[in-house]
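4 protein chains.
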Amino acid sequence: MSTKRYTSHDPELNSLYTQLAEHDLQPLWEMQGLLTKTPTVQTVPHRWSSTDLRRLAARSGDLVPIDRGGDRRVLALSNPGLAGAPYISSTLWAAVQFLLPGEMAPAHRHTPAALRFILDGDGVYTVLDGDPVTMARGDLVLTPAWSFHEHHNPGKKSMVWLDVLDLPIVAGLDAVFFEEGTSEKADQSAAERSTSERLYGQGSGLVPVGVDGPQPAHSPLTVYRWASTDQALTRMLEQSGTGQAHLRFRDPTRDRDVMPTLRCEMRRLRAGAKSGRERQTGSRVCAVLSGTGQADIDDRTFPLAAGDIFVVPSWSVHRLHADEDLDVFITSDAPVLEKLSLYRSEALDA
Amino acid sequence: MSTKRYTSHDPELNSLYTQLAEHDLQPLWEMQGLLTKTPTVQTVPHRWSSTDLRRLAARSGDLVPIDRGGDRRVLALSNPGLAGAPYISSTLWAAVQFLLPGEMAPAHRHTPAALRFILDGDGVYTVLDGDPVTMARGDLVLTPAWSFHEHHNPGKKSMVWLDVLDLPIVAGLDAVFFEEGTSEKADQSAAERSTSERLYGQGSGLVPVGVDGPQPAHSPLTVYRWASTDQALTRMLEQSGTGQAHLRFRDPTRDRDVMPTLRCEMRRLRAGAKSGRERQTGSRVCAVLSGTGQADIDDRTFPLAAGDIFVVPSWSVHRLHADEDLDVFITSDAPVLEKLSLYRSEALDA
Amino acid sequence: MSTKRYTSHDPELNSLYTQLAEHDLQPLWEMQGLLTKTPTVQTVPHRWSSTDLRRLAARSGDLVPIDRGGDRRVLALSNPGLAGAPYISSTLWAAVQFLLPGEMAPAHRHTPAALRFILDGDGVYTVLDGDPVTMARGDLVLTPAWSFHEHHNPGKKSMVWLDVLDLPIVAGLDAVFFEEGTSEKADQSAAERSTSERLYGQGSGLVPVGVDGPQPAHSPLTVYRWASTDQALTRMLEQSGTGQAHLRFRDPTRDRDVMPTLRCEMRRLRAGAKSGRERQTGSRVCAVLSGTGQADIDDRTFPLAAGDIFVVPSWSVHRLHADEDLDVFITSDAPVLEKLSLYRSEALDA
Amino acid sequence: MSTKRYTSHDPELNSLYTQLAEHDLQPLWEMQGLLTKTPTVQTVPHRWSSTDLRRLAARSGDLVPIDRGGDRRVLALSNPGLAGAPYISSTLWAAVQFLLPGEMAPAHRHTPAALRFILDGDGVYTVLDGDPVTMARGDLVLTPAWSFHEHHNPGKKSMVWLDVLDLPIVAGLDAVFFEEGTSEKADQSAAERSTSERLYGQGSGLVPVGVDGPQPAHSPLTVYRWASTDQALTRMLEQSGTGQAHLRFRDPTRDRDVMPTLRCEMRRLRAGAKSGRERQTGSRVCAVLSGTGQADIDDRTFPLAAGDIFVVPSWSVHRLHADEDLDVFITSDAPVLEKLSLYRSEALDA
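Protein chains in written order, with numbering that gives the first Met the number 0: chain A, 0 to 349; chain B, 0 to 349; chain C, 0 to 349; chain D, 0 to 349.
Mixed in with the good hints there might be a few duds.
Note: identical chains are not told apart, hence a pair may lie in one copy or across any two.
As the list claims (entries may be wrong) - Derived lysine to aspartate or glutamate pairs resembling EDC-like cross-links, with alpha carbons at most 16 Å apart:
#, residue 1, residue 2
1, 338, 254
2, 36, 178
3, 273, 322
4, 36, 179
5, 3, 21
6, 36, 70
7, 3, 191
Read the hints as simulated data drawn from the structure, not as lab findings.
Since the structure is predicted, the reported quantities are computational estimates derived from the model, not experimental observations.
Same shape as in the complex, but just chain A:
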């Protein structure tokens, strides 16, 4: 008997419940909380401070070689509501990754999709299916599902960045596959521009003709450089006149998000601005690139500083306030919710 056995004071019903359990059946009418008016969410709002993250990442660098037990020196942000699971929310994995000078995190690939957002520093490059991509502050680097990737730090400085994966979703769908690759001791350098950027990253709406190959499920542009993002935010602010700009990173060749499961966005708030209160289904991971301010999430308030990372649970009401000009990177599972027709959003101040 492997299922849950319900009990009843009514002997006949109790006897039925025994039989049900013996046949791997459960009575719906005894269950609680299956269908609730609004989502029952275990993920809680939380913020990890930049100071703690950097200190503990550095300490891990002192103590743990890159090859101890795994391929990556990574600290997973574990949501306090999730009973010890190493996930920042019910649907997302977030972590800080730390690489010392001269280190290399070897090649592998997996069906969970990943992205890196660089909160500080530079010097590391990632090789994505053979294409080396340098990483620097403010850059967004994609590691789409089933792409081989490895990280090299040929420089003199250690580097830390934010990793986000859709691992809980892929694991929940029983669809995790993993494969190790072969990292040759590659030349310890990367060109200023990756192949992906040369072909797809030049100008808005300019797409190469005659580049063949299978249609990928993700953006063919795998890195979004901060210089571009920053300029776009500046121009949107010029245009909007509201002190707020909000952009989405997209596949430049198709009408879709950068990867099938993850949406990426950037918000800029001028000092003194605050965003409207809103909520959505699906959870979001946010990282402060620069500035100070605060995040209100349901009835919690978190002060924000550069390098902080925080999580907004599904259907939580949230808003941002900028004390100084504030740049926040946001990634979420919104494409999943949208594709399954489960996305709901509400603007509470509208």
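We have chain A; now place chains B, C and D onto it with these hints.
Same frame as chain A, now just chains B, C and D:
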């Protein structure tokens, strides 16, 4: 401290692990089994026999009124691998529902999508957003996400049917919403054909013009009648010459499955036929409408008879054998896997 | 000098115009009617009577063997506004085709797409890329672009039907290709149901799984039988309560018209009903399957009887009146206009 | 009798032909050239030299005020094969437009879509539905269907540019609509960046969030600046290593061409390079932005210099040779052919 605390014999490392736990962080290099070569699946292959299901459903009818604790008299098929969760697989809910003569299961709606497949009997009708739909053996009836639905049994016989929902997926995405409706004591009858059938169920490729309204996320045809399904299987058998026919239920107006999260199919095997061994990511619930045979799932073999229900876990190798002509209804989460680019399939005899 | 030479009383301008013409240039400011407030349409409303069409088709059968000069015994309906062009409208070809007992129109294919609508009789079958399709009253048979097709009359009666092609559009785009095929002296019979029908014509929303092959640009269902169409109209009338039913023939597997360039529809008006006045961009060919009534097109009125064919020019206001129950088949270039974002429509009584 | 009357030496047939003509019918078996093995194309290959175009445009500026008879001072390139029609090909209108200092071409809109490619100069700005867009050498400026547009030359120099429209296609579909707008005596200046550029023209894949409004049928980015295009070509050359780069201008937010009917591309060939011989259905207008070389089109060869414009008819074999580094802008009706499943292409050297 709410997260998992790792330990180490190395005192420095152990001290780091304490600090990590205090800051809701976990060291990746200590984790096992996060990224596995192929999916780690808890769902196990299992079959529920028609005899048991009917007997226990009827016994529930004797003992439990329709309004005890909930709106529905439903026995959930609980997978032995899932530690007592009331789910048939990691992603699907399956249950038998039982309605006595004169009973009514009142109106509600929820974001999890549901479908009914009728293994036997008739006499009940469902009201779907105001449109009454009769239910009889072999029919597939949809209850798309957020559609009000209620069940009426105005006849003299009790009736039992199979319910399948995507509840684990929607719950895992923190996107369950629920609302009670108002069931008026409606006239105790339903027309032979629902509005949905008159408009969308007449002939292949014939679609009404001038029927306005919002574009639904699901098929506008909400019932697929057995007479049509049976005839289609017969014609496909004529055509194929292999003793096997396989059809998919689809939105007749668009290039998509019947609902955003659930695929529905029907297979017919002539006596003596057996299907090729195959596997896919995502799990599937199968119900035997008629015939006898067996299902091989990984290293298990289950005898099959009319009314039996069985589950195929993600990435399990499976095949069907028909002793007598065998008709099997199959529903799966394949649209979810496909939309997220996580669908993989393999034909092992090809 | 091959272009038009404009002239002017102003000698300098006249001299410029000479030079322009010498260099294959024309001055816009001298042109008239290029950009008009509403479309300047040469196609005029017109009706061809069934009596004339049948008599002249039969007379052609007496005098012209099937192989005289061409492959087909076809009379093209030539719009009186089009200066002798053999087209029923600026964008459509329509014709009656006549086949004597024992005759065969040999196989060929072409990039213009064709359809047949059978106004009367039966006995002929068409072979579409190897799949024989019987033809009878009320059936719509597709001959998609670049499909080999041939017509056989193995019976004892001659047969006549309506052909519609998108030839003017394809010719205007300089995209006409043509190829002769090989017609073997096939067995002089066709099965009751074509392969296309067995696979795609059974029930609304039922689609075969495992039928491989390239994705065609058109509906995989190539014949829509009158029995189905008639029943669908009947059910829609039950539903609508307005005395009018209107259906569209669609690809049953995708969200699109039957072919990339041609839309097909059927309207039924109960005796006494009249449709609302409407107009659209693009032209339409209409054929009366049964009943009597009249068509108002701009300021013209045409009496209608079974077998009559009429044309509605682009942007003409039109409506139908039924004296007796009226069934009208309609085909148009609407998919072309829609794909190019040039479709406009107006309901003038709304 | 308004249709063509065929004749025959056979008196019976001749009598039938009389009757056919009286009833607006034509016998297919007497027609020639309707369905040809490959397209019968009237458009001929042709080139207009920059020297002639500029001289005659300037001369028109001397003699013709902007308001004579029409709104625009435009010289239409008239294909020598098209019997005096003012079209550069069977499907495209191309022209040079000339605006003197201080002139203004007033606002109007029409369903034919237009684009401007600037071969030389600067100083004019176009106002597109209220958004002023400056124009300079190498820029591509869209005037999508039914957008109000007007041109202002507030500077001290006259300016000339290339206009291309899909007018023959829209006229052939009887879908030309036209409306005059109101041009206020706007401030005689335009900002460096249009609203369209600020929102959609910043970086590849960066799209604003929260910009509402109806979904247009065309790219929301209405100007593609030469600086971007030039840089993209440079990077593609770095990448390709073949001495050739080829890019397409696209809607940066969706998987489609810039407008529903027109494709825009740019090719760069290093000195000495030549492209492979190819052909396509549909016609193309090409303009040399810089460099020298030659175009082979079927059996014709045209020398090319900056400012030259040439036309490639449907299904003509064509190739480019660069003597000096050659930049060529190309626009075609390929989206129309593709949407109607009539696009064919062939690489003859592959």
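Taking the hints in turn, this is what the structure says about them:
In this homomeric assembly, residue 338 and residue 254 come within 16 Å of each other (Cα to Cα) both inside a single copy, at 13 Å, and across copies, at 14 Å. For the identical chains of this complex, residue 36 and residue 178 are inter-copy neighbours only, at 6 Å across copies versus 42 Å inside a copy, given an alpha-carbon limit of 16 Å. Taking CA atoms no more than 16 Å apart as the test, residue 273 paired with residue 322 passes inside one copy only; the shortest distance there is 9 Å, against 59 Å between copies. Proximity of residue 36 to residue 179 under the C-alpha cut-off of 16 Å is restricted to the inter-copy arrangement: shortest distance 9 Å between copies versus 44 Å within a copy.
Proximity of residue 3 and residue 21 under a CA criterion of 16 Å is satisfied intra-copy only: 10 Å inside one chain copy versus 34 Å between copies. Only between protomers do residue 36 and residue 70 lie at most 16 Å apart by alpha-carbon distance; the minimum there is 15 Å, versus 43 Å within a single protomer. Taking the shortest Cα distances, residue 3 and residue 191 never come within 16 Å of each other, neither inside one copy (59 Å) nor across copies (41 Å).
In this structure, only the earlier hint numbered 7 is contradicted, and the remaining ones agree with it.
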